[in-house]
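Q: Sequence:
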Amino acid sequence: MVVTWMSPLEGKIQISRGGKDLKRVRSSNAKLRMSTSGSPMQSIYEEDLEEVTLSLKGQVKFLIGAFSRLNESQEETNSTMATMEGKMSSMESAMTNLTSAVHAMMKAVRKMPVQEMDQFSDSSNPTSQVHRPILEHNRSVSMGFRARS
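Taking my numbering, the leading residue of the sequence shown gets 6, the next gets one more, and so forth.
By construction, these hints were calculated from the structure, which means they are not laboratory data. Don't be surprised by glycine CBs; every beta carbon is placed ideally from N, CA and C. Check each hint, because a few of them may be wrong.
What follows is a set of in silico ranges between Cβ atoms, one per label pair, in the way DEER data are often shown [to be verified]: (1) Lys62 <-> Ser94: 42 to 50 Å; (2) Thr104 <-> Glu80: 46 to 54 Å; (3) His108 <-> Gly70: 55 to 63 Å; (4) Ala99 <-> Ser73: 35 to 43 Å; (5) Met117 <-> Thr88: 56 to 64 Å; (6) Leu61 <-> Met86: 47 to 55 Å; (7) Ala109 <-> Ser73: 49 to 57 Å; (8) Val65 <-> Leu103: 53 to 61 Å; (9) Gln79 <-> Met117: 54 to 62 Å; (10) Ser94 <-> Thr58: 30 to 38 Å; (11) Gln79 <-> Leu59: 24 to 32 Å; (12) Asn76 <-> Ala99: 28 to 36 Å; (13) Gly63 <-> Ser95: 44 to 52 Å; (14) Arg115 <-> Glu77: 31 to 39 Å.
Given these sequences and hints, build the entire structure.
A: Structure below.
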């Protein structure tokens, strides 16, 4: 049973069962009289209305609690998203700095004379021996990729 207030000043409420049979209820001392179009007069005791009212109050409390939990959850989500966005921004900045440093290093290596590069090669390291001829013949290629100018 769904109860909807129509006019609080007149004390009328609208009751609907499953979306059909809309009825108007008028309050009296001991009973409530329900008038429906095409149906005989029926009566509802105040206890029935109190039961519906208590049920509605319970549902309202539940909804308020649910909205409160939803709001708290949304605030936590927003906080988490802000933290993640901050970390992503820091990572992007670090990658930009790393890329700039690699480009600067590659530019410096390209300008460096071959004799100075020999100081950095380790004769005991076979990898440096392999890369040395590449650096002598084509200084723009190092570590397997081409540096930007």
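Q: Find the hints from earlier in the document that the structure breaks and name them by number, from lowest to highest.
A: 2, 5, 6, 10, 14
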